[in-house]
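Undergrad: Residue numbers (our numbering), protein chains in the order written: chain L, 928 to 1291; chain C, 191 to 331.
These are computed hints drawn from the structure, not numbers from a lab. A quick note: this is a predicted structure, and the numbers were derived from the prediction, not measured. Any given hint might turn out to be false.
Listed next, the in silico DSS-like pairs over lysine-lysine satisfying Cα-Cα at most 27 Å (straight line) [claimed, not checked]:
hint, chain 1, residue 1, chain 2, residue 2
1, C, K244, L, K1064
2, L, K1170, L, K1149
3, C, K196, L, K1156
4, C, K327, L, K1114
5, L, K1210, C, K305
6, L, K1170, C, K327
7, C, K205, L, K1156
8, C, K244, L, K1170
9, L, K1283, C, K319
Computed Cβ-Cβ distance ranges for the label pairs, DEER-style [what the hints assert, rightly or not]:
hint, chain 1, residue 1, chain 2, residue 2, range
10, L, E1289, C, E322, 24 to 32 Å
11, C, L229, L, R1026, 28 to 36 Å
12, C, E266, L, E1289, 21 to 29 Å
Heads up, the beta-carbon is just placed ideally off N, CA and C, and yes, glycines get one too.
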Amino acid sequence: MSSITIEKSASKGINDLLRHLLSTGKVDAVLAMRMMPDTGAWDLALVTDVKNLKELKPLAPVMTVNASQVLSNLSLSGKKIAAVLKPCELRAFVERVKREQGSLENLFTISHTCGGVFPLDLVAEGKVDRLLPKYEKVVSAGEIPSNIRDTCKACEHFIPMNADIMVSAAGECKPGEGCMIYLNSDKAREALSECTGEHGSAVLDSTSLEKLATARAREREKLFSSIEKDCSGLDGLVNIFGKCVGCHGCSRVCPICYCTLCDFESINFDYNLPYFEEHLARKGALRLPPDTMLFHMGRLTHMSFSCVGCGMCSDVCPVGIPVAAVFSRTGESTASIFDYLPGRDVTEEIPVMIFKEEEFPELG
Amino acid sequence: MNKEFKPRITSFLCKWCSYTGADLAGTSRLQYSTSIIPLQVMCSSRVDPVFLLKAYLSGSDGVLLGGCHPGDCHYETGNYHTRRRFALVKEVFESLGLESERLKLSWISASEGPKFARVANEYTEEIRKLGENPTRKSIFL
Ligand code: SF4
Ligand code: SF4
Ligand code: FES
Chain L
928 MSSITIEKSA
938 SKGINDLLRH
948 LLSTGKVDAV
958 LAMRMMPDTG
968 AWDLALVTDV
978 KNLKELKPLA
988 PVMTVNASQV
998 LSNLSLSGKK
1008 IAAVLKPCEL
1018 RAFVERVKRE
1028 QGSLENLFTI
1038 SHTCGGVFPL
1048 DLVAEGKVDR
1058 LLPKYEKVVS
1068 AGEIPSNIRD
1078 TCKACEHFIP
1088 MNADIMVSAA
1098 GECKPGEGCM
1108 IYLNSDKARE
1118 ALSECTGEHG
1128 SAVLDSTSLE
1138 KLATARARER
1148 EKLFSSIEKD
1158 CSGLDGLVNI
1168 FGKCVGCHGC
1178 SRVCPICYCT
1188 LCDFESINFD
1198 YNLPYFEEHL
1208 ARKGALRLPP
1218 DTMLFHMGRL
1228 THMSFSCVGC
1238 GMCSDVCPVG
1248 IPVAAVFSRT
1258 GESTASIFDY
1268 LPGRDVTEEI
1278 PVMIFKEEEF
1288 PELG
Chain C
191 MNKEFKPRIT
201 SFLCKWCSYT
211 GADLAGTSRL
221 QYSTSIIPLQ
231 VMCSSRVDPV
241 FLLKAYLSGS
251 DGVLLGGCHP
261 GDCHYETGNY
271 HTRRRFALVK
281 EVFESLGLES
291 ERLKLSWISA
301 SEGPKFARVA
311 NEYTEEIRKL
321 GENPTRKSIF
331 L
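Isolated chain L (complex conformation):
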């Protein structure tokens, strides 16, 4: 695989790369995380002027929105965009492309080995800057920081699956030893043929990431078994989702839940008096708003096989429900019955759009 070695830290290296792409006109815009210079607050920014590039912090462990969501319309604008995506954002974008919610054609997808992101409450409290040095130390040692999102700790797909450009930023890359940039597509090789740095060929040394992989697998098992214990059977479900206030924030921020007219927010669920009377006659009492469990189980059947475990849903839940852990755990099961892995390959169709004539002989 073609590679470029830049004698700088990964975060400086990626900024050089973005500058090169934008200033040579290879792209019209750059999408990446930014720290707002005046307030220190974080957002995802689309930059077209080279002078604004210095505000970007493309490798920062912050996800204010799953970037794949905002990338959908942008990717159809006809403009060339270099998008710096975390591996799960890239996988989510691939899932969206399969659902005709975007296109890879005009994009340069840039991704990196990922150490996980901070929960949004830490970001909102303005703690990122202070926590960053320790985070970087822990991550470059191939370990899991204790203060990242639960589902990040349990994420086994921290190496990007199909980015045009991949930057090594976790485990392999030691501060001060330069950073490696891997070019996975012709598009990337062409665009970066004149980028400064030592051009050569190399493959990601995944052995240096084995330690992290093992630690993540262990965390995944721990997280899933605690969910299995707490969220099992009707009582368990009521226990976990009983706190839900029905804001539907979890589905709004979910990159896979793309429907603008969600059925659960449609008139179908706008009940009238006869409906309530019928239920009250049977049960004597009714939870309002109704259909809490239907909403979560409905979403689980509609999309869990595509859940990338980004953790946005848990992060925005006002009552602290571990939505992402439940969804990635069930998602792993629902995907596995179809040998599916979300975001693996854009040509792999989503399981509900296809079928085999002979399958599931135990049903029907």
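Guided by the hints, dock chain C with the ligands onto chain L, whose structure is given.
TA: Then chain C with the ligands, alone, in the frame of chain L:
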């Protein structure tokens, strides 16, 4: 086991096969379980997983989904999709530790009146053994 317990089985039956099969069972004067509450749909694939979930969470003791045999769907491939979606709902139930036996998929053609009666009776018996769906009384769903 409560002898009085009479299960309620919400049954989504496709117009072209399973519902016609149920009709045939009736016109042939075959006895079948009165637990079955038939609902006609145009095709088994019209049944979004959310319909099954709604029936389950509203207290149906069993939920039956009936369609044409694979290959015989009147919309050609509808029931192949039904089968995948049904597998998904079952898997969600299993991963959440819910009783997936409360969901059943069956292929019953328009000429299979006796099969319809048999499935109805056997499934009623299975659900009778399983007992009342705890969602019937739960108000926190
Ligand atoms: S974000 Fe939390 S409270 Fe809001 S609908 Fe989702 S689970 Fe319920
Ligand atoms: S369900 Fe939650 S964790 Fe899964 S993709 Fe959607 S927002 Fe991310
Ligand atoms: S018409 Fe019967 S399953 Fe489609």
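Undergrad: State for each hint whether it applies.
TA: Evaluation of the provided hints:
Distance restraint check for K244/C and K1064/L: the Cα-Cα separation of roughly 49 Å exceeds the 27 Å cut-off, and the hinted pair is therefore not satisfied. Between K1170/L and K1149/L the alpha-carbon distance is near 23 Å, which keeps this suggested pair within the 27 Å criterion. The suggested pairing of K196/C with K1156/L is violated, with an alpha-carbon distance near 32 Å, which exceeds 27 Å. Distance check on the hinted pair: K327/C and K1114/L sit about 60 Å apart at the alpha-carbon level, beyond 27 Å; violated.
The hinted pair formed by K1210/L and K305/C fails the criterion: a straight-line CA distance of about 35 Å is larger than 27 Å. Straight-line distance between C-alpha atoms of K1170/L and K327/C comes to about 19 Å, which keeps the hinted pair within the 27 Å bound. At roughly 42 Å between alpha-carbon atoms, K205/C and K1156/L are farther apart than 27 Å, so this suggested pair is violated. The suggested pairing of K244/C with K1170/L holds, with an alpha-carbon distance near 20 Å, which does not exceed 27 Å.
For the given pair, K1283/L sits about 34 Å from K319/C by alpha-carbon distance, which is inconsistent with the 27 Å threshold. Checked against the given bound of 24 to 32 Å, the beta carbons of E1289/L and E322/C, roughly 26 Å apart, stay inside it. Roughly 30 Å separates the CB atoms of L229/C and R1026/L, a value that falls within the hinted 28 to 36 Å. Between E266/C and E1289/L the CB atoms are about 23 Å apart, so this pair conforms to the stated range of 21 to 29 Å.
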